[in-house]
Amino acid sequence: MHYPTPISRLIDGFMKLPGIGPKTASRLAFHVLDMNEEDVLSFAKSLADAKRELTYCSHCHYITDTDPCRICNDTTRDAAVVCIVQESKDVMAMEKMQEYSGLYHVLHGAISPMDGIGPEDVKIPELLKRLQNDEIQEVIIATNPTIEGEATAMYISRMVKPTGIKVTRIAHGLPVGGDLEYADEVTLSKAIEGRREL
Amino acid sequence: MYIENLTLRGFRNYSEVSLTFEPAVNVIIGSNAQGKTNIMEAIYVLAMGKSHRTHRDKEMIGWESSFAHVKGNIHRRTGPTVLDVIFTPKGKTVKVNELEQQKLSQYIGTLNVVMFAPEDLNLVKGGPAERRRFIDMEIGQASPVYLHDLASYNRVLKQRNQFLKDWQGSRRDPGALLDVLNEQLAAQAAAVVKRRFEFIQMLQGWAEEIHRGISRGKEQLEINYVPSADVSYGMDLSTLKEAYEQAFQTKRDQEMRRGTTLSGPHREDLLLYVNGRNVQTYGSQGQQRTTALSLKLAEIELIRDQIGEYPVLLLDDVLSELDNHRQSHLLNTIQGKVQTFVTTTSVDGIQHETLSKASIFEVSDGQLVEVK
Numbered sequence: 258m259h260y261p262t263p264i265s266r267l268i269d270g271f272m273k274l275p276g277i278g279p280k281t282a283s284r285l286a287f288h289v290l291d292m293n294e295e296d297v298l299s300f301a302k303s304l305a306d307a308k309r310e311l312t313y314c315s316h317c318h319y320i321t322d323t324d325p326c327r328i329c330n331d332t333t334r335d336a337a338v339v340c341i342v343q344e345s346k347d348v349m350a351m352e353k354m355q356e357y358s359g360l361y362h363v364l365h366g367a368i369s370p371m372d373g374i375g376p377e378d379v380k381i382p383e384l385l386k387r388l389q390n391d392e393i394q395e396v397i398i399a400t401n402p403t404i405e406g407e408a409t410a411m412y413i414s415r416m417v418k419p420t421g422i423k424v425t426r427i428a429h430g431l432p433v434g435g436d437l438e439y440a441d442e443v444t445l446s447k448a449i450e451g452r453r454e455l
Numbered sequence: 002m003y004i005e006n007l008t009l010r011g012f013r014n015y016s017e018v019s020l021t022f023e024p025a026v027n028v029i030i031g032s033n034a035q036g037k038t039n040i041m042e043a044i045y046v047l048a049m050g051k052s053h054r055t056h057r058d059k060e061m062i063g064w065e066s067s068f069a070h071v072k073g074n075i076h077r078r079t080g081p082t083v084l085d086v087i088f089t090p091k092g093k094t095v096k097v098n099e100l101e102q103q104k105l106s107q108y109i110g111t112l113n114v115v116m117f118a119p120e121d122l123n124l125v126k127g128g129p130a131e132r133r134r135f136i137d138m139e140i141g142q143a144s145p146v147y148l149h150d151l152a153s154y155n156r157v158l159k160q161r162n163q164f165l166k167d168w169q170g171s172r173r174d175p176g177a178l179l180d181v182l183n184e185q186l187a188a189q190a191a192a193v194v195k196r197r198f199e200f201i202q203m204l205q206g207w208a209e210e211i212h213r214g215i216s217r218g219k220e221q222l223e224i225n226y227v228p229s230a231d232v233s234y235g236m237d238l239s240t241l242k243e244a245y246e247q248a249f250q251t252k253r254d255q256e257m258r259r260g261t262t263l264s265g266p267h268r269e270d271l272l273l274y275v276n277g278r279n280v281q282t283y284g285s286q287g288q289q290r291t292t293a294l295s296l297k298l299a300e301i302e303l304i305r306d307q308i309g310e311y312p313v314l315l316l317d318d319v320l321s322e323l324d325n326h327r328q329s330h331l332l333n334t335i336q337g338k339v340q341t342f343v344t345t346t347s348v349d350g351i352q353h354e355t356l357s358k359a360s361i362f363e364v365s366d367g368q369l370v371e372v373k
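Those sequence lines, one after another, are chains A and B. In case it helps, our numbering puts the first sequence at residues 258 to 455. In case it helps, our numbering puts the second sequence at residues 2 to 373.
These are computed hints drawn from the structure, not numbers from a lab. Possibly wrong hints are sitting among the right ones.
Below, a list of computed lysine-lysine pairs in the DSS-like style, where the Cα atoms sit at most 25 Å apart [to be verified]:
{"no.": "1", "chain 1": "B", "residue 1": "91", "chain 2": "A", "residue 2": "380"}
{"no.": "2", "chain 1": "B", "residue 1": "159", "chain 2": "A", "residue 2": "380"}
{"no.": "3", "chain 1": "A", "residue 1": "447", "chain 2": "B", "residue 2": "104"}
{"no.": "4", "chain 1": "A", "residue 1": "280", "chain 2": "B", "residue 2": "91"}
Restraint ranges, calculated between C-beta atoms of paired labels, are given here [said to hold, decoys possible]:
{"no.": "5", "chain 1": "B", "residue 1": "128", "chain 2": "A", "residue 2": "355", "range": "54 to 62 Å"}
{"no.": "6", "chain 1": "A", "residue 1": "264", "chain 2": "B", "residue 2": "55", "range": "40 to 48 Å"}
{"no.": "7", "chain 1": "A", "residue 1": "455", "chain 2": "B", "residue 2": "78", "range": "34 to 42 Å"}
Glycine included, every Cβ here is placed at the ideal spot set by N, Cα and C.
My request is simple: use the sequences and hints to build the entire structure.
Below, the structure is given as structure tokens:
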């Protein structure tokens, strides 16, 4: 199919987004043509603004429009606990929970020699520096339960433990509200491994 | 369990064929290149959802067909089940009792098969990788957790090998990350090796007895797992883990020099001894063949231990390779217990009551006719 240049450029643009193939991209592009001009301009502006105005917090490396970020600036939060996550979107997931009141540290990745990512390529040196200055008493490692996430957790734990700061790892196992019989064997075996005394 | 009915549509050289089988022995006779092994492949496909010969599902779709369909009525201890495997150029569909299964892992397990083909001699003669594959497949059939542990092990191994390669020849200290990778790899190695030791222990029990039977009490088979660290059967996970960490520590300089991991389940092997002598190196053709056969027949018993009934046995072109005594021992073993499919170019010269009672099918150019 031969589209006029502006629309094929738009389609190409949408296709650069994750999870969007050629069909969805052209559906979105044609939808944009039907939208009123005001909405299109405000959408384009928010795309550009998001890129231009957002930076990373110099303390925790979470995306922010103010530095330090709102979470780091919030004096009601518990500055003695830091939760370490791989990505900014993990902070959003944790915040949705509304149960955690400590601070965060975003690594922006996990250690993976196969991808050429070593400890210095994620924000681990920054974390260690932060631990020297701040009044932090516990770090909760919430990296993903993958091989790379585990390696990162183990590495951080080795680095932090000698400082006397408490290091914990989030649990993994059965989802809440799920039936035991629907859990797959691997999840079940991990749940058994991580059982605790009542 | 046994297969009552098998229907093939557009499968390799069969445009449409429907067969009813005996719960006992079914012999498929035909000249070369007529489609004997295709029948075996279809049964294997019905059990595993994939071929034993090819990774490309499309190959199984016949030349003049747009899809390949294998359907089977399986009789299990618990009752009858209908299985369907359909390949189209777009992908495959698997069904249990007409119900489509999203995951292949949910499909596998309804029909269990053990296949013995001439290539299985490689189990004895071939390299260590063949034997590791055998162990991994056998344990994996019954344990998804093992497959997960093995996949995790391989993933960490890749990461560690890349790390060692990056540091190869460097005189600087690789630091804590190597310790982390060692710990992580040792933990996965421990989980894998613990299951392997347990499996070998069970396999040894059955294979030894079967081998004694086939060799008329003259040969004693011994199976030894050869680990790459100071570990043995019966150790718990933490002891195994420590032993592998120790092995990584000991070989550290060597590994840094070569840029690869030198210990772990990926470097381990089975040694097979007959009367105290390594049959892989010193055994005769016949002894090697008997050993492979003993391992396969032990597999049948292991599956029965696990699921409470015998699997279906597929003997592809192997009966003719065994001498009279071994043939009759094999046929005695399966007699009345195991539904067996045998392919051969001729049954002349094989005198055994099991065979004289068997159903015989003749294959000729994509047509199958029951002749007895």
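Now for the hints, and whether the structure bears them out:
1. B:91 - A:380: Roughly 44 Å between the alpha carbons, so the hint for residue 91 of chain B and residue 380 of chain A is violated.
2. B:159 - A:380: holds, 23 Å
3. A:447 - B:104: holds, 21 Å
4. A:280 - B:91: Holds, at roughly 18 Å.
5. B:128 - A:355: 54 to 62 Å: holds, 57 Å
6. A:264 - B:55: 40 to 48 Å: holds, 44 Å
7. A:455 - B:78: 34 to 42 Å: At 39 Å between Cβs, range holds.
When held up to the earlier numbered hints, the structure conflicts with hint 1 and nothing else.
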